[in-house]
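Using the sequences and the accompanying hints, generate a full structural model.
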Amino acid sequence: MGLTTETVLTKVGEFLGDGLISSNESFGMLAINVVASRNFELIEFLKSDPILKMTFLTDLTGTHYPDKPGAEFEVVYHMHNLVDNYRLRIKCALPVTNPEIRSVVPLFSAANFMERETYDFFGIIFTGHPNLKRILNVDEMDYFPMRKEYPLEDGTRTDKEDKYFGR
Amino acid sequence: MEPELIKKINTLADNKTNISVSKVNEQELTTLNLGPIHPATHGIFQNVLKMNGETIVECEQTVGYIHRAFEKIAEHRPFYQVTPLTDRLNYCSSPINNVGWHLAVEKLIKAEIPKRVDYMRIIVMELARVADHLVCNSIVAADMGALTGFTYVFQWREKIYDIYEEICGARLTTNIGRIGGFERDFNPTVHKKIKDFLRDFPKVYKEFMSLVERNRIFMDRSVGVGGISAERALNYGFTGPNLRATGVDYDVRVMDPYCSYQDFDFIVPVGTGGDVYDRFMVRHQEILESIKMIKQAHDNLPEGKHYAEVPEFYLPPKEDVYTKMEALIWHFKIVMGETDVPVGELYSAVEGGNGELGFYLVSDGGRAAYRLHFRRPCFIYYQAYPEIICGGMISDAVMTMSSLNVIAGELDA
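Protein chains in written order, with the working numbering: chain S, 14 to 180; chain D, -13 to 399.
Any given hint could turn out to be false.
With a Cα cut of at most 30 Å, we get these calculated DSSO-like pairs of lysine-lysine [claimed, not checked]: (1) D:K178 x D:K36; (2) D:K36 x S:K146; (3) S:K104 x D:K58.
In case anyone wonders, no lab produced these hints; they're calculated from the structure.
Right, here's the structure in full:
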């Protein structure tokens, strides 16, 4: 008795209603885009539902898409149902002007460091986080280094063109 | 204590030592910096402990001392240049990280991997697991004062490194294998060294275990120390031996078999209490299982090629580059980054030395990954450290840390 994608989509769709923006399956994993304001309820539902049983938060991270106005940031959750071995990716888009999302630390202690890391690198604010401060970078840093506008190389160099070195 | 006195001690302490005294809740607590430079942390990270005598009341971790911005660098490098970055995550078992990354890319490009490559990979990965667990377990014993066992088995880790060296030329940061397979087939020396290792190591390992396994001092120091319940461990995102020690049989090799792990006969050892002794014994049993798997893979190594047919990613042999047109073209395309990369978003995981090592890869078709995130097991389960050690003694905290196998490289990426 395994959990199927249809079951997950139906249950999540029923729970979220309009909150479920889109879904797609690639490389064997279902990914759903949901409204950022409902991330906490959704994850709480996924965790407590007796059929979905996604009791394990595998990963939490962020992504920056500067070319998507109004949805520059994405917070990506990877949930895992260890009983049926079903993995689910949840993505919440956030605007760069107000990158705030509710913290899931009350549900998963594992999210503590991962949210701090995401804040540290992208500047995404997790409201309700008990100790939201930088984790891997120095406290004095005044920018968020994983944002795409911060180049890896010194921006003033003229002898190297981006197109020859990655992007 | 008088406030002036505390102030004086603190000023003195700030200047002279790393120990200061403060007054909290009418109780005299000592602040102790365990790390960043401390032999007991086995790596560069700090724990600020608030102590009541020898009992730990509060603990706060500071990590990031060796952060090297791998995720940022990976956004600027072609895929095959990311492999050396993965070496430096959990450097005690770098071949697992290398293969994990190659598997993620192969999933993206939908490469078909020959059986021989799978088996060769299993040999190097399980050797790496043996090396990783051997270090962890012997360090646990060393932290209790049993230094003999540690120095004894370290020689055998060197022998594993000799095998790596014969396969890929490097010992610690291996950069082993390529996208699609291995750069060359195992040579006769590799086979001989693996055989010798399989023949000699179990005896040596048994001797090491007889020193500690039922040792009165060892058991008194480790049974019931640093325990965590299965429920809390899952909530904290534990994976790998640390989770299995609590009794949860989650292993990526069994749940999502990669590299033909389904062909192999092995058991997933689990513990009950999740304490230092359980973690030690789970790792011990895993070493034996890994030895079994290496033997199976080595005995049944299928014939075939040591690389997959992915000319867009796998560098052609050098002699062909000099003599054949196609090989030269592919070589040029790979080195100059002219290869087309599929667009996609995927998560691929392997069972690393410390647990589920995941790669979240977003590719926009560019030469390098658009976004690459490493799910580093250490970083996630290290959060539980304060909860585990608070209320215990400082000497137990040291052992708990080494039995959790916190590796600074993996912690800080």
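Here is how each hint holds up against the structure:
no.	hint	result
1	D:K178 x D:K36	53 Å, violated
2	D:K36 x S:K146	20 Å, holds
3	S:K104 x D:K58	21 Å, holds
Checked against the numbered hints given earlier, this structure breaks only hint 1.
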